[in-house]
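The listed protein sequences correspond, in order, to chains C and Y. 300 is the number that this note's numbering gives to position 300 of the first sequence; each next residue is one higher, with no gaps. Position in the second sequence (from 1) plus 454 gives the number in this note's numbering.
Keep in mind the hints are simulated off the structure, nothing from the lab. Virtual Cβ for every residue (Gly too), placed ideally from N, Cα, C. Treat the hints with care, since some could be wrong.
[Claimed, not checked] Some chain C residues flagged as far from chain Y (calculated, every beta-carbon gap over 10 Å):
(1) 90
(2) 154
(3) 215
(4) 226
(5) 330
(6) 403
(7) 421
[Claimed, not checked] The list that follows gives simulated cross-link-like pairs (lysine-lysine, DSS-like), each with its CA atoms no further than 30 Å apart:
(8) 401(C) <-> 786(Y)
(9) 484(Y) <-> 30(C)
(10) 391(C) <-> 842(Y)
(11) 858(Y) <-> 332(C)
(12) 484(Y) <-> 75(C)
(13) 332(C) <-> 857(Y)
(14) 858(Y) <-> 9(C)
(15) 857(Y) <-> 842(Y)
There are 2 protein chains.
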Amino acid sequence: MSTKPNTPKGMRDFLPQEVMRRNHIMGVMKTQFERYGFLPIETPAMERRELLLGKYGDEGDRLVFKLLNSGEKVKKADLDALDKGELSRFGNSLSDKALRYDLTVPFARFVVQHQNELSFPFKRYQIQPVWRADRPQHGRFQEFTQCDADAIGSDSLLLELEFIQMIDAIFGDLQLSGCTLRINHRKVLEAIAQLAGAGAETTRFFTTLDKLDKVGWEEVKRLLLEADFDTDILDKINAALEGKSNIDQLDVLGQLLGTSDSDHDPIQDLSFLFSNLEQLNSTTVVFDWTLARGLDYYTGTIFEISAPEQVTVGSIGAGGRYDDLTGVFGMKDMSGIGISFGLDRIDLVLSELDLFPPTLYTSIDVMVVNFSMDMITSLIPYINELRKQGKRVFVYPSAAKLKKQLGLANQLQIPYALIMGEEEWKDQSCTLKDLNTGEQSLIPLARLTQHNWD
Amino acid sequence: MSTKPNTPKGMRDFLPQEVMRRNHIMGVMKTQFERYGFLPIETPAMERRELLLGKYGDEGDRLVFKLLNSGEKVKKADLDALDKGELSRFGNSLSDKALRYDLTVPFARFVVQHQNELSFPFKRYQIQPVWRADRPQHGRFQEFTQCDADAIGSDSLLLELEFIQMIDAIFGDLQLSGCTLRINHRKVLEAIAQLAGAGAETTRFFTTLDKLDKVGWEEVKRLLLEADFDTDILDKINAALEGKSNIDQLDVLGQLLGTSDSDHDPIQDLSFLFSNLEQLNSTTVVFDWTLARGLDYYTGTIFEISAPEQVTVGSIGAGGRYDDLTGVFGMKDMSGIGISFGLDRIDLVLSELDLFPPTLYTSIDVMVVNFSMDMITSLIPYINELRKQGKRVFVYPSAAKLKKQLGLANQLQIPYALIMGEEEWKDQSCTLKDLNTGEQSLIPLARLTQHNWD
Chain C
1 MSTKPNTPKG MRDFLPQEVM RRNHIMGVMK TQFERYGFLP IETPAMERRE
51 LLLGKYGDEG DRLVFKLLNS GEKVKKADLD ALDKGELSRF GNSLSDKALR
101 YDLTVPFARF VVQHQNELSF PFKRYQIQPV WRADRPQHGR FQEFTQCDAD
151 AIGSDSLLLE LEFIQMIDAI FGDLQLSGCT LRINHRKVLE AIAQLAGAGA
201 ETTRFFTTLD KLDKVGWEEV KRLLLEADFD TDILDKINAA LEGKSNIDQL
251 DVLGQLLGTS DSDHDPIQDL SFLFSNLEQL NSTTVVFDWT LARGLDYYTG
301 TIFEISAPEQ VTVGSIGAGG RYDDLTGVFG MKDMSGIGIS FGLDRIDLVL
351 SELDLFPPTL YTSIDVMVVN FSMDMITSLI PYINELRKQG KRVFVYPSAA
401 KLKKQLGLAN QLQIPYALIM GEEEWKDQSC TLKDLNTGEQ SLIPLARLTQ
451 HNWD
Chain Y
455 MSTKPNTPKG MRDFLPQEVM RRNHIMGVMK TQFERYGFLP IETPAMERRE
505 LLLGKYGDEG DRLVFKLLNS GEKVKKADLD ALDKGELSRF GNSLSDKALR
555 YDLTVPFARF VVQHQNELSF PFKRYQIQPV WRADRPQHGR FQEFTQCDAD
605 AIGSDSLLLE LEFIQMIDAI FGDLQLSGCT LRINHRKVLE AIAQLAGAGA
655 ETTRFFTTLD KLDKVGWEEV KRLLLEADFD TDILDKINAA LEGKSNIDQL
705 DVLGQLLGTS DSDHDPIQDL SFLFSNLEQL NSTTVVFDWT LARGLDYYTG
755 TIFEISAPEQ VTVGSIGAGG RYDDLTGVFG MKDMSGIGIS FGLDRIDLVL
805 SELDLFPPTL YTSIDVMVVN FSMDMITSLI PYINELRKQG KRVFVYPSAA
855 KLKKQLGLAN QLQIPYALIM GEEEWKDQSC TLKDLNTGEQ SLIPLARLTQ
905 HNWD
């Protein structure tokens, strides 16, 4: 019996139209990344297991895909760990390599490993799939593509400014208006955490706040109370900020928290950003003191982009500044800022809002109808001339019924058919048929490549 | 202590210039694939383990990368197999998924799984990495990218003809002349095997002949003798074909082997191809009866492309016709033809022959020199206008020393610097400096976007 073939759970094929949609989005990103001076890099699918584990928290560690060692190496299986039910230790004894979980840790490793080959500040972009052994659900996949841009080796706020403008340019090019970019600063959050619970644990404050989208404000307050934070102060902050502009919110918060004269006072930094934002086209930028972001390595500005309200897919891009991403690999003092866009979610949003350009799926310009091997071989030089001009030509490989051939042209959304039947054959001409309008023109073969199509 | 970070053995990072080289090659392929009417698809990195194993021979099975099951599933470890030293059975008990080993088996699975969503004949291209747990060596990597094009659902020889022309067009666009495409037909080989050893095993004939490149003719003959083949006949064939043109070789061989009147007589098919080959630009096509190709699924024409003689990397592309690729998945009678190009090897060849276009590495058009945050923020609207025009602009993020900023521009091969110092600031102009010639022009800011660069 033959195996019934299918993709494994959580894995997806992409049919031509899906690839075209994805390529369109990636093309826009790539273009804007390059206009903002980022250079492309790529890292391998596999990293050393020890390099990845411990970087994404316990939850992340469980979701890292591990490769099974091959050959004799599996003899090193730690059966003692298996006996004791220490399954991850058992797994580790069988695995030296793991699949990348995001593009950030590999990027940090890349920067440290190649520091002598790179020039700093270094701006790179990277568009590659990542893998997570997550439970598959709407908008969440085990294999998905991240589009990352990072600038490392400078703590200048100009980068924050450029990132916001680049984000806006990308969504503008994608025709996606109505996105919201929420921005906050880890040091603002720290100051609020201090204010609300001098003795309590700051990171607990972040991780609790990070649940806001999922559980709501009342539940977050309950959890913060439980963790010894004074939530009355938080309510007061909310009341004081309500209805105010971004700049005014920052003023109020500055008075509440006090500003410092240091080079990088967080309130002053955010105010600088809001007062220097050029006219944005498609994105609304708002200050949101409740934005926390889950990842440990952020130390400065943090931001998250949500799709227009009518689509519910969660964040479609997020990022922030980190002062010591490469420190864990022994390279200190490399401040940087990065953003990661989720290709798959952006595809969902654009599909749901029907925002792909209508010409996207026209990927073949003309079908050459095949009446006989003789006629078609005599056409080959002309066909190849069309191809040299850039035309994408599908030659029907056999002399099937005309109806069948044009049926395929229709399914593939090919706009023109090139027909050379007995009649045309005799006087060395061909018929070019517009398959949308049905209009036909008779063209001498010798003038085929001069014909003006649109 | 910090972990010393590096890529695992057999895995590679790609620095910006390497990515640019690879993108150049893939861009050429993609363009030609589309001109020949192929549509893009993608398949996931992981397939079900059972789907991959048994498709690539024993050697292949050993080289397939297996994913370690996660969570509780590792409890199913088959310790009995481990005890008995049956390591691959032990490994299988810990792994449900594996990384794709090539793009052909996933393509066959894809066609069967999505047969109701596809229109046939179906022409697809697919450019994705594959993974093999091979011993790393020159031109052989554990992760490498294949560029495949396949046409399935037609047995027309027109496809063979189009494939050869497409191959030539690709190498033409890559400026790589002097490649040789060797072509043969499995049924020709079968007939020769019959002639040389009626009682002997045909597949043994193929696999032995497939070693020719590595071990040479004398050793192949010794191995064939050992396998009960009459090698005198083979020497006679060689003698009869020596010095003859492709068409003449086929004539001679047709007389030796006899031709049939069937629809697809292999000698007639090959003769048809050679007599209908349009003028090729960069590739020499030769008939080579000794070409065997390792893979089982080929049933018709087979071909292999080698780089110009001065570079030694082995085959840079290969393919052939298969009549029953999807049969193992329960879908019969789907004849097809495919080719697979090795991106990494083509990159090696083009690098060694210095054939990349000189402008390839110019990926930023202009660096904006930064004298102060004030001046640079006032420049932002102009910078963004340049970007909207398509210019790739690297704004130096901080007011570092001019020498340092221009040093980076130099390292990144940026051709222009845009300078607005105190002087220019006063009269709202800027200096555009050609970093190759040193030439400078003073341009009023308001006219910056109208300035004509080349």
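Could you work out which earlier hints the structure fails to respect and list their numbers in ascending sequence? Checked against the structure, the hints that fail are numbers 1, 2, 5, 12 and 14, while the rest are satisfied.
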